[in-house]
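Take a look at the letters that make up each chain.
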Amino acid sequence: MSTISSAGAGPSSGTGLPAAPNLRKKSRPGEAVIRGILMASALLSVAITVGIIFALVRPVIDFFRDVPVGDFFATEGTHAVLPLVAGTAMTTVIALLVAVPLGLGAAMYLSEYASQRARKYLKPTVELLAGVPSVVYGFFALTFVTPTLLQDILSLKVGFTNALAAGLVLGVMIIPTVASLSEDALSAVPQAMRQGSMAMGANRMQTTLRVVLPAALSGVAAAIVLGMSRAVGETMIVTLASGSLKNLSADPREGMQTMTGFIATTAGGENAVGSSSYNELFAVGMLLFVLTFIINVISIALVRRFRQAY
Amino acid sequence: MSVATTTAREVTRTVSSGRSKDKNVGSLVFLGALWFSLFFGVMVLLVLIVDTAIKGSPRFDSELLSNYGSIVRPESTGFRAGILGSLWLMLFTALFAVPLGIAAALYLEEFADKERWWNRLIEVNLQNLAAVPAIVYGLLAVAVMALMGFNTTGIVLGGAIALALLILPVIIITTREAVRAVPQDIRQGSLALGATVWQTTWRQTLPSAIPGIATGTILGLSRAIGEAAPLVVVGLAGSVLFDPTGVMSEITALPMQIYSLTSNSQEDLRTAASAAIIVLLIMILGLNALAIFIRNKFQKTW
Amino acid sequence: MSSHPATASTRNADHREISMMAGTHAESERELPSVPPEPVMEALKLNVYYGDFHAVHDVNLSFGKHEITALIGPSGCGKSTVLRCLNRMNDLVSGARVEGEVTYHGQNIYGRNVDPIAVRTQIGMVFQKPNPFPKSIYDNIAYGPRVTGMKVDNMDDLVEEALQGAALWDEVKDKLKQSAYGLSGGQQQRLCIARTIATKPDVILMDEPCSALDPIATSRIEDLMLQMRDDYTIIIVTHNMQQAARVSDRTAFFTARPDETTGNRTGLLVEFDQTSHIFANPTDKRTEDYISGRFG
Chain A
1 MSTISSAGAG PSSGTGLPAA PNLRKKSRPG EAVIRGILMA SALLSVAITV GIIFALVRPV
61 IDFFRDVPVG DFFATEGTHA VLPLVAGTAM TTVIALLVAV PLGLGAAMYL SEYASQRARK
121 YLKPTVELLA GVPSVVYGFF ALTFVTPTLL QDILSLKVGF TNALAAGLVL GVMIIPTVAS
181 LSEDALSAVP QAMRQGSMAM GANRMQTTLR VVLPAALSGV AAAIVLGMSR AVGETMIVTL
241 ASGSLKNLSA DPREGMQTMT GFIATTAGGE NAVGSSSYNE LFAVGMLLFV LTFIINVISI
301 ALVRRFRQAY
Chain B
1 MSVATTTARE VTRTVSSGRS KDKNVGSLVF LGALWFSLFF GVMVLLVLIV DTAIKGSPRF
61 DSELLSNYGS IVRPESTGFR AGILGSLWLM LFTALFAVPL GIAAALYLEE FADKERWWNR
121 LIEVNLQNLA AVPAIVYGLL AVAVMALMGF NTTGIVLGGA IALALLILPV IIITTREAVR
181 AVPQDIRQGS LALGATVWQT TWRQTLPSAI PGIATGTILG LSRAIGEAAP LVVVGLAGSV
241 LFDPTGVMSE ITALPMQIYS LTSNSQEDLR TAASAAIIVL LIMILGLNAL AIFIRNKFQK
301 TW
Chain C
1 MSSHPATAST RNADHREISM MAGTHAESER ELPSVPPEPV MEALKLNVYY GDFHAVHDVN
61 LSFGKHEITA LIGPSGCGKS TVLRCLNRMN DLVSGARVEG EVTYHGQNIY GRNVDPIAVR
121 TQIGMVFQKP NPFPKSIYDN IAYGPRVTGM KVDNMDDLVE EALQGAALWD EVKDKLKQSA
181 YGLSGGQQQR LCIARTIATK PDVILMDEPC SALDPIATSR IEDLMLQMRD DYTIIIVTHN
241 MQQAARVSDR TAFFTARPDE TTGNRTGLLV EFDQTSHIFA NPTDKRTEDY ISGRFG
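Residue numbers (this note's numbering), protein chains in the order written: chain A, 1 to 310; chain B, 1 to 302; chain C, 1 to 296.
FYI, nobody ran anything at the bench for these hints, they're computed from the structure. Because the structure is a prediction, the values reported are computed rather than measured. Hints may be right or wrong, so weigh each one.
[Claimed, not checked] Okay, the calculated bits of chain C under chain B, using three or more residues with CB under 8 angstroms as the criterion:
| hint | stretch |
| --- | --- |
| 1 | 87-94 |
| 2 | 215-223 |
[Said to hold, decoys possible] Calculated cross-link-like contacts (lysine-lysine; reagent style DSSO-like; alpha-carbon spacing at most 27 angstroms):
| hint | chain 1 | residue 1 | chain 2 | residue 2 |
| --- | --- | --- | --- | --- |
| 3 | A | K157 | B | K55 |
| 4 | C | K45 | A | K25 |
| 5 | C | K200 | C | K175 |
| 6 | C | K177 | C | K200 |
| 7 | A | K26 | C | K151 |
| 8 | C | K135 | C | K65 |
| 9 | B | K114 | A | K26 |
Glycine included, every Cβ here is placed at the ideal spot set by N, Cα and C.
Sequences and hints are given; from them, build the entire structure.
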C-alpha cells in the first residue's frame with residue numbers, strides 16, 4: 001500500500017475532519033541550504049588539514065630541488081635539520097620530566113583524594129597555567145629562570161640561553177595538559193575496583209598506585225603523549241630561552257635551537273619568497289607537522305582504547 | 001572484662017577510625033607529594049607574576065598604554081600599537097572563527113549521522129587539528145594569503161586568519177559540548193510538534209547553548225590574544241608607529257611587541273616589556289573572568 | 001507462541017461472542033463495538049530493530065477514532081517503541097529500522113513519499129517526563145503553530161483555547177509571560193498537552209505521561225484525557241494497570257520474550273481487546289498473570 005489519493009481514501013468521517021491529511025513530502029529548500037552550509041563548515045576542518053599539507057608541500061618540493069635530501073637530514077651544514085630535531089627532543093624530554101610527575105600527581109590528588117567541592121575549585125586553578133601566553137613564559141625563562149634560579153640560586157654554569165630553562169618552563173606549561181586528561185582517565189576507573197582493593201585491606205595510596213593507575217594506564221599514556229605533542233610544537237618559550245643557534249649537543253646547559261625556534265627566527269627575518277632559506281622554513285614546518293601528527297594519532301588511538309575499556 | 005570483649009573493642013577502634021592505615025609515613029609522604037604537584041604550578045605562576053610585576057613596576061604609567069614603541073626614548077616607550085593591534089585581531093578572528101565554528105559544531109551534533117565514515121573522519125581530524133602546533137597555522141595563513149593574492153605581510157587579515165584557524169577547533173569542541181548539554185527531551189518535544197531539525201536547532205538548542213558557546217568562544221579568544229608564534233610567521237612587525245585603520249593595515253600585536261623587546265638588551269625596554277606582560281595578563285584574566293561570569297550567570301542546570 | 005498475529009483476528013472473533021454474552025458487564029460508560037469501526041491508525045506486521053537487536057515482533061493493532069487505547073505490559077516489552085513508531089519519532093534513534101506498515105487514514109506513514117514532519121503535525125506526542133521548552137508559557141504553546149507555519153488569526157485566542165483544552169487556563173492565565181519552568185510537574189505536563197493540542201493534531205500519543213507525577217496530578221491528567229477523547233484519538237503507554245483500566249477503551253497487552261541465544265528481549269503483542277474484557281476475563285494466561293499481579 002503506497003500513497004492513496006486523498007479523494008477516495010480513509011473512512012468517511014462525520015465530524016468534518018479532513019479524511020486523509022496530506023502527508024506528502026514537502027520540499028524545504030531553506031532547510032537543505034542550511035544543512036549544506038553547516039556541512040560545508042564542518043568539512044572546512046578537513047580542508048584545513050589538506051590545506052596545511054598543500055601549503056607545505058609546494059615549497060618543500062622546491063626546497064629539495066635546491067638542497068639534496070642528505071644535506072637536510074644531516075647533523076652538520078647550513079641546511080641540517082637534525083640539530084634542530086635534537087634541540088626539540090632535548091627541551092621536550094626536560095619538559096616531560098617536569099610535567100609527567102607533577103601532572104600525574106595533581107591528577108591523582110584531584111581524582112582520588114579531593115572532594116567533589118574541592119575538585120571544582122582546584123581543577124581550574126591547575127588549568128590557569130595553560131592560560132598564560134607562551135611569550136610570557138619565554139620572558140620568564142629568559143629573565144628569571146636562567147639568571148636568578150639556575151645561575152644565582154643553583155649556581156649552574158648555564159648560558160644566557162639554554163635548553164634547561166626552556167625545558168623546565170615548557171614543562172610547567174604542559175602540566176595542565178597532562179593533569180587534565182590523566183584525571184579524566186583516573187576518574188573513569190569504576191568505583192568497584194577501588195572498593196575491591198580497599199576491602200582487601202589496601203590503603204588509599206596502594207589503591208591509587210596499584211589498582212587505579214594501572215587500570216587507567218592507556219588514558220594516562222594518552223595524556224603524556226598529548227603533553228609531548230604540545231611540547232614539541234610550542235614555539236615562543238624555546239625561541240626566547242633556548243637560543244637561535246643550531247647546536248647538536250647532549251648538554252642541556254647549552255643553548256640549542258629547536259624546530260619551532262628555527263621557524264620563528266627564520267620567518268621573522270627577511271627572506272625572499274622562493275629562496276631556499278624561505279623554502280627551508282616549510283621543510284622544517286612539514287617535518288614538525290608530520291611529527292606532531294604522528295604523536296597526535298597515537299594519543300587519539302590511546303584515548304579511544306581507554307574509552308572502550310570502560 | 002573478658003578477653004573477647006577487649007579484642008572486639010580493638011577491632012572496633014581500628015575499623016571506626018577508618019583511615020588509620022592512611023596515616024603511616026609512606027602514605028603521608030605520598031599525599032605530601034600530591035599536594036606539592038597540585039600547588040607547584042600555582043607557585044610558579046605566583047613567582048612569575050610577582051617577579052614580572054616588580055620588574056615592570058617603574059613603567060605602570062599612562063604612557064605605557066598611549067605611546068607608540070620607541071627605541072630612541074626607551075624610558076617612555078609604549079604599547080599603543082600592540083594593544084590596538086591585538087584588539088583588531090581579536091575582532092576579526094572572532095568574525096572568522098565564531099560563525100564557522102558554531103556552524104561546524106551544529107552540523108556534527110545535530111545533523112551528522114555518526115555512523116557515516118566522512119563524519120567520523122571529520123571527528124578524528126578535529127581532534128588532530130586541536131593539537132597542531134600554533135606555528136603551523138602561521139605557515140598555513142601565509143599560504144592562504146599568497147593564494148588570495150596578497151603580497152603585503154603583517155596585516156590584520158593575515159594575522160586574523162592564522163588566529164582564526166588556531167582557535168577554530170577550540171570553538172567547535174566547546175560549542176559541541178554546550179550543544180550536547182541541552183537535554184534530548186527538549187529536541188524531542190520540538191520535533192514531536194512538527195518542527196524541522198533546523199527549526200529545533202535554531203529555536204531550542206542554540207538559544208539554550210549560547211552561554212556555553214559564549215564561554216568557549218571567549219576562552220578561545222583569550223588563547224588567541226596571547227599567541228605570538230603564528231603572528232611571527234605571518235610577518236607581523238615587532239613595532240609599528242600608527243593605529244590600525246582596516247583589514248589591510250599593517251599592525252603589530254601586544255605579544256609580538258613583548259617578543260621583540262624581550263630579546264633587546266636595553267634595560268628600559270625590558271622593564272617596559274615586563275609592564276606590558278602585566279597588561280597582557282590583565283587582558284587575558286579579564287576575558288577569563290568574563291567567561292566564568294557568563295557561565296555562572298546564564299548557564300542552565302537542567 | 002500463541003500470540004502469532006495470524007491468530008489475533010480469530011481471537012477477536014471469540015471475544016465478540018464473549019462480549020455479547022457478557023452483555024452489560026463492566027460497560028458502565030461506553031458501549032463499544034468489539035473492533036474499532038473507524039480505525040484512524042493501524043499497525044500491520046510492525047517489526048522494529050535497533051541495529052541487530054529485534055525490539056518488536058509482528059505487531060498488529062488498530063486504533064479507533066475518538067477512543068483511548070492503552071498499551072500495557074512489563075518493562076522492556078516494546079510498548080514505548082511501538083508508540084514511537086506511530087509518529088516516526090523512532091527515526092531519530094540512530095540505527096533504528098522499522099518494517100511493516102503503520103497506516104494513518106489509510107496512508108502508510110513509512111511510505112517513500114511521506115514527510116515525517118507532516119506526520120508529526122498530525123500525530124502529536126506527550127512524553128514521560130514533562131519537557132516544557134525553556135520559554136514562557138505563552139511561547140511554549142505558540143511554538144508549534146509558529147514552526148509548522150499554521151495560519152493563525154489570533155495567537156492569543158489559540159493559546160487560550162489550547163490551555164483551556166488542557167484544563168490549565170485558570171491556573172496560568174495571569175502569568176502567561178512567565179517561564180514554564182515555574183510550574184509544578186503536573187502543570188508542566190498539562191502544558192505539554194496544551195502545546196500538543198495547539199497544533200491541532202488528530203491523534204495524540206502519550207508515553208507514560210503520569211509516571212513522573214503525584215497521584216493528584218495524575219488524576220487530573222486522567223480526567224483531562226477523558227475530556228479530550230471527544231476530540232482526539234489518544235494512544236497511551238502506561239505501566240499503571242489501574243490507569244489503563246480507568247481511562248482506556250481498549251487495551252493492548254505486550255510482553256517480552258527473551259531470545260534463546262542472546263537473551264535480548266523482543267517485545268510482542270499478546271492480546272488486544274476492549275479494556276473491560278482484558279481486565280475482567282483475559283483470554284491469554286500471560287495477560288491474566290500480569291493483570292492479577294503474578295508477573296511483572
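Quiz item: Checking against the hints above, which ones are violated?
Solution: Hints 2 and 8 contradicted; others consistent.
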